[in-house]
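Chemist: The lines below spell out each chain.
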Amino acid sequence: MSLNKFSELFLNLDSNNSTKKKIEILKNYFSTNDDLENSWSIYLLTGKKNKRFISGRYLKSFFSDIYEFPLWLIDTCYLRVGDSAEVITLLLKSKNIGKNKFTQDISLDELLNKILPELAVLKEDEKKLRVKEIWTKLPKENLLIFNKILTGTFRVGVSIGLITKSIANLINLDEAIISHRLMGDFKPSEDSYKFLINNKVDLEELNYKPYPFLLANTFEKKITEESINSFQYEWKWDGIRIQLIKRLGKVSIWTRGQDLINRSFPELVENTLFIKDDFVIDGELLVWNFAEELPMNFSFLQKRINRKSPSKSIQNKIPIIFIAYDLLELNGVDKRELNLENRRINLEKNFHKWINESEKDISIIFKISNLLFPKNWEEVENLKNKSRENATEGLVIKNKNSTYALGRKKGIWWKYKVDPMQLDAVLIYAKGGSGKRAGLYTDYSFALWKDGQLIKFASAYSGLNNQEIKELDKWIRKNTIEKFGPVRSVKPEMVFEISFENIQVSNRHKAGISVRFPRITKWRKDKNIKDADTLENAQKLMLNKL
Amino acid sequence: MIQKSTDLIKYSDQGLYCELTDTWIDPHKPVKRALITHAHMDHFTFGCNEYISTPETSLIIKERIGSNINIKTYDYGKEFKINGIKLSFHPSGHILGSSQIKFNFGGEIWLITGDFKRQIDETCQEFEKVKTDYLISESTFGLPIFKWEETQKIAIDISKWVNLSPDRTSILFCYSLGKAQRLLNEINKTNFKNKIYTHTSINKMNNCYKKLGIDIFETNKFDKTQNINKFKGNLILLPPSLNRGSFLKKFKNIQTGFASGWMSIRALRKRSGYDKGFAISDHADWEAILKTLNETEAKNVFFHHGDSEALIRYLNEKNSINVLKFAP
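Chains as they are written, first to last, in this note's numbering: chain A, 1 to 546; chain B, 1 to 328.
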């Protein structure tokens, strides 16, 4: 019932890699804690959008001011540790700050509902004093958790799936139901926990919640052994996957990341209200270029998401459409147990009815995902290779005979992505990683040739395995030219194959282009930097794509 | 030719070198004459014409690479001469036999700390405070985030870790020389009731320690051909090199831990893949390094091993000691 207990839970979860053991620990925790504390624990553990009461930067400068400790030294330590809350905790311990015994305990509710919100609105000087006071009073074992909650960076190796499993296990209920109950906003309260562990399933209680999204797996060659007709084929759009929900006359738009985005897309809400039926549709939100009948670049979509209550002129300048993929619920009836073939028939029938009977022309915004009908696997391959022409990422191949199942159940939907674009580029900068990769140089910048000079064109963080990361880290330390804080410039010597999904003109980058999802796909030790690609090659790629 | 006194001992990536005595300290390559601070494998190499160390270090080295080497030994505090220069070994508290090396260049004293720690460790001689003009200090853990807890507290944590998992086999990885003996000694003091099994490489080192008069807690031999059920609820100590050993897969229900100073950082703990980390080190932490600089009364200090940038800047800002860097 307390921060003490929660700290202990964190320590236990953090020092056990076995999933089985973690579930055991969580079950034990939930069953011995009260409902309100459990709801806060779930809020923290699922960590979707933990509130930040002060920033890591502030935390460091507070410590520096209070204990007259050089800020640069904290920053140097940070490079090793990769987490502000942890650095400060280690430094507090080295100064022997905090109580040795568990004396006073506070509840999570008190901490998150009272102590921290009250602290957050204080003036800076008072805030500093308050933080210092709490540090001195807390047991040492709780400092890390406190600092992490304070900076909104609490994270532990526990997925929502694991929490779902533990609770389902605890109350002997199907995981799908718990997963559904955990969707959307989770507001910590006694009631929200009671609702979560309720043994009776009441459909109405889930009214405002999206369903768990069905996710696609990466295409595997062996699928081509199956009949071409057992699948449904659609384009894979590069937008935001959403569930559009209309229940009891109210509309909600949920993203796959479980954000409610009604406010950013008022025109979609407005148009949806013209439909008489209630429903849940799985689909994609895109910014659309009506002249060319193509989606606009993803960056426009980002602009729209970030803008709450966009003006009419923005809605006109950056117009959106909704592409319906799947009908999950109709007038309060869950349709997910139907197979895809029947769900599709339902979707088409109702979609056309809605368009026809609406008083307003909603067909400008509402689209239905067009099916593709390849005759054999060779045609599938060709379709995939052509997907750049209509600015899609490839194909989604769905088993016609499948229900809309939970999570990433294998073999129901497949994503068959077009091969990435690739360039060979030279490593020129490296930056220290954070979190798990603290103390290693893992964030890299790559350059292409232009008039005999190397121009930075992309940064990438992923793609190397642990062995390669270590090897490259060692090389970077030995071949540093200059250090700028956490960044090092290195001798241009190493060539890497960089893959990315898209390339576009950008005024914000020195190279004049920017790429989407760049990652390292090969360490080209066989290549000399003279063999790396030029900026001109990148521009050619950009022109060829259409 | 020696031109500046700051060149009396030089640094290269093969080790430290003193020209006047023509000796290398803990060289990584075979050389004519090598002074060995202690018997960890990364501090000596095969093939030197002549080795010089403490008798304890000599015994352990011979156990590790065979007795067919030319090694001279000098007790702690006993002065000996090379090319007329006076040298002596002094306990560094790192492991059994580990030493600091003092060079007396006719009035000017140089002291190499070697690997050292200031915490009490009953399995080796306590660090000796030696006054010097020039100090060459290790700085493996030269950041203020490193602050060791009391050894006995860590031992209690280890005991609890084993005791709270009676249905699992607990495997603790640790260096077989020094760390293992220190842990066994401390775990024994916690009234540990379960059995402890140790790997051959640890048993060998335990025997060396016993021969040298250090009392080491009796353990059971770990043998991977044994029936694995008997390990349940008990503790096995293994060297880190066996972490990915295939025999580990035979155990259905294990928890693994690693005893090292680096385990105080969560990211390193997570990256290493062990379930649990125990932050215990045979090196000096930040405070111990600063305390040692102070107590040696050195006016000049060099650092080697580890990231010393923070220490150098910190000391420069305090302006209390002259920090030198080895010429590249």
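Hints may contain errors.
Here are the simulated DSS-like cross-link-like pairs (lysine-lysine), alpha carbons at most 27 Å apart as the crow flies [unchecked claim]:
no.	chain 1	residue 1	chain 2	residue 2
1	A	K140	B	K131
2	A	K470	B	K160
3	B	K29	A	K483
4	A	K20	B	K189
5	B	K147	A	K101
6	B	K160	A	K99
7	A	K137	B	K318
8	B	K252	A	K101
9	B	K325	A	K20
Output of the computed footprint for chain B on chain A, the stretches with three or more beta carbons under 8 Å from beta carbons of chain B [claimed, not checked]:
no.	segment
10	6 to 19
11	433 to 441
Hints are computed from structural coordinates only; laboratory data are not their basis.
Remember, predicted model here, so these are calculated numbers, not experimental data.
Where a beta carbon is used, it is the ideal one built from N, C-alpha and C, also for glycine.
Chemist: Please go over all the hints and tell whether each is borne out by the structure.
Modeler: Okay, the hints, checked on the actual structure:
For the hint pairing A:K140 with B:K131, the CA-to-CA distance comes to about 37 Å; that exceeds 27 Å, so the pair is violated. Between A:K470 and B:K160, the direct Cα distance comes to roughly 34 Å. Violation of the 27 Å bound is thereby established for this hinted pair. Taken as a hint, the B:K29 and A:K483 pair is broken in the structure, with Cα atoms around 32 Å apart against an allowance of 27 Å. Between the alpha carbons of A:K20 and B:K189 the distance comes to roughly 33 Å, so the proposed pair goes past 27 Å and is violated.
A C-alpha spacing of about 19 Å is found between B:K147 and A:K101, which places the hinted pair at or below 27 Å, so the restraint holds. Taken as a hint, the B:K160 and A:K99 pair is honoured in the structure, with Cα atoms around 21 Å apart against an allowance of 27 Å. Restraint check: the Cα-Cα separation between A:K137 and B:K318 comes to about 31 Å, which exceeds 27 Å; the hinted pair is violated. Note on B:K252 and A:K101: the hinted pairing is violated, with a Cα-Cα distance of about 37 Å set against a maximum of 27 Å.
A C-alpha spacing of about 52 Å is found between B:K325 and A:K20, which places the hinted pair above 27 Å, so the restraint is violated. With 5 residues carrying a beta carbon less than 8 Å from a beta carbon of chain B, the segment 6 to 19 of chain A meets the three-residue requirement, and the given coverage holds. For a cut-off of 8 Å, the count of residues in the segment 433 to 441 of chain A with a CB near a CB of chain B stands at 5, and the three-residue condition holds.
Checked against the numbered hints listed earlier, the structure breaks hints 1, 2, 3, 4, 7, 8, 9; every other hint is satisfied.
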